[in-house]
Amino acid sequence: MKNFLDLLATEQHLDVVINGCPSMAGLRDHLIFGQGDTVTVDGIEILPRYQCLAIEGVLQIDQPFYCWYHTVSGQGWLLEPCVS
Amino acid sequence: MRIGNAGNLEYCRWANEQDPKLSENIRDITPVDFFQKSMVPIRAALLDGEALPRCGECYQMEQHHKVSGRQKQLLKVGVRLEHFEKTLASSPWVKEFARGGTTDELPQDWQIELGNYCNSACVFCLPEFSSRLAMEHQQLGLIAQLPPPSWTDDPKLVDRFIDTLTQSPHIQYLHFIGGETVITPAFKTILTALVDSGRNRTVAIGFTTNLTVWRDDIEELLVQFASVHLGMSLESFDAINDYVRWPVTLPTMNQQLSRWTALARQHNWYITMRTTPTVLSLSSLLTVYDYAWDQGISVESCNFLNRPEFMRPAVLPLEYRQQELDKLTAWIAQHSTDSDHGNIINIRDPNVVQQQLVQDLQSYVNYLEAESDQSWRLPDLVQYLKTLESRRGNGILHYLPQYEELFRSAGY
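Listed in order, the protein sequences are those of chains A and B. Residues 1 to 84 (our numbering) make up the first sequence, in order. Residues 1001 to 1412 (our numbering) make up the second sequence, in order.
One chain only, chain B, in its complex shape:
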């Protein structure tokens, strides 16, 4: 289950984004009632074989052989798309499934979105996920109003949510995202409550940080958990990272990356680099995979970027795309692994990190080969970049000179 930044409750952490106003909200319904009552028709539809519209991004990922959220969540109940019918019938949940969507169970797995409080303003981000970008958008006239307040701004709602967690004895995994988790007050509040209730001894937590900040008090809490999954957001080890993940700079990012990685290895945490490949970072994507290969760290991205539409990698015209494809396929050929692991769904298995890297990069090759040319969005991209640059004082051609002709032709 997922609680979104606005307090919206969603049936799956991977369900396509929709206007939060269309979803039920923790202000109006308890998470347990949402799980046990509101989700009944959704489960019933899935059991009836329906493909839900909000599962669309997962289907797109599977089309390009990128491991989807749907596959990952199914795996947690023992179901795989290969051998689907047999694994479903063998699942420990088969009797529960036979109830037609009703349940007396409690959530065991949560994605907790803490709000948009963030000190970064990544160029591909959206106001609802970054307060700094939201302010910038408002000042530039790109949005009339700031996004609605986060549910975590209301201590009563945070208490209500903590009650849900502490009264759910079998929670397995809690994944936190922001904004920037480490500086969001509710992150510390919830971690403290989990420690005080002793749940830190059984619950695995995951979170994503933007590699700009360090907090000793958060570190002191994190090290008390039995299992931690650390996600570190970055796009490249080239200068383009400075432009895309503005205003962080490479020296700061590298310093924080080293510090977080050292802490994680000291406590045997699972670590991954979280990327959001865009049309701007595609040309230096391999710097991340090179680093990951050398360090034995996996790379994970939520999906193929959908919004903003003009940032999608598919916006790159075919002739430019082919150059990137050649680089990616050459990397894969140089890093082939003699593996009989088949399709790796548990991409957090530390025993198959290198195979996972090849598999993940191959999905981008598949995407770039199959997705139609969306370069007609380039004028929108250029207009947006120029608007941001008017305030930030930087320029994309300083970072991507190889795209000068392309961007000039689109109005840069």
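With the rest of the complex left out, here is chain A:
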């Protein structure tokens, strides 16, 4: 990527590994994992690390993964546009 337009023209995906099995997901996909699974996304441990966030045995990530991760990993404020 050289500039922002290049970024927009490039398809991005998440590298998801569930119990050792690799797969791909979109950056904004709704992700659902079982509480007992071992999960990494782009090499970042998700389960069992965040199993405390699972509800009735299911961890749901219903916003863009990196926005969710920003919040759960204690990255502070995540500002959002207010006008547009």
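A hint or two may mislead.
[Claimed, not checked] Just so you have them, the derived chain B footprint on chain A, three or more residues with Cβ under 8 Å:
{"#": "1", "segment": "6-20"}
{"#": "2", "segment": "52-66"}
{"#": "3", "segment": "69-80"}
Source of the hints: derived by calculation from the structure; they are not laboratory data. No experiment lies behind these values; they were computed from the predicted model shown. Built from N, CA and C at the ideal position, the CB exists for glycine as well.
Dock chain B against the given chain A, drawing on the hints supplied.
Frame of chain A, contents of chain B only:
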């Protein structure tokens, strides 16, 4: 965004300092017009992948693995250098970025520099940041003229700025610096306006104090804010602090430190110790980290000191530098943390204070190992210290006897 002491408007709180006359000024343009119009080419350049010259200090910090302002500001819009492309594409701001630099948004985050009104004259400071040092420099013939008046000396400009704040409904954070914030009239004026408008319930404020003064009226305002980040400036818990942060003395500093810390803990404020490591304070830097480790307080410095050039830690010759490096690396080894937090960018996360301390100190190790020897600046340092001492009546060798041979060789 940043408004500098002269009223200069800057695109980033971390952008390298430049002559304020080269920047647009609140006297000539509203902050909103600056944000929405003047900053378009800057945003466009960044979106085009350019590395701006005024981002240089941040790049230097990243080179030594010190968390830079660039990283901190990117994080606020969800972007990290690791996974840069994916976090950028995932940012809530991606549609806004796609506008090529134009925006209808209003600033959500400000650094507000209130002027140079200050009762301290730290040896590493500059006249544009301390009125007391400015007076001293003028009396010593080091400067011909005092710095230009602060924008906060003009009530109309302060009102204009307050209007900007109160008309921006989504401001998240305001960081105030001086001079000494607590005694600067505009600090109270702006805090009062925020309280009167009810913005204190939603806006987080931060400020830095030099641990010399206390004002009950300021305390009464501060405690009305939902979130406060308190920065306390100090360089050491050794006597060298008296020399470097002249004329404050350790007993006064410790008294104020205890008082501010108690207030902050009572109201659950975020607290940090703000340091400016120099060639003079490097040898006692660990006293700050020891205290911080014991008290669970983080340590933060803006950058690796750039000006005055002769105060940079890199001015210490290699043989002296190695002694300090050995002490720093030994401290890190003794305070290693079993952490899987990786590179901590949100250094204000209260859950990782000790890891942040180790990470920050490691950046100084990296700096001292990598930066070239700038000891050729020592004669300038010695000349400057002698000039100040001629008026202050103190002497650096009383505080740093271990550097006597070094300073004598440079003309002391």
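We went through each hint and held it up to the structure:
{"no.": "1", "hint": "6-20", "verdict": "holds (count 5)"}
{"no.": "2", "hint": "52-66", "verdict": "holds (count 3)"}
{"no.": "3", "hint": "69-80", "verdict": "holds (count 8)"}
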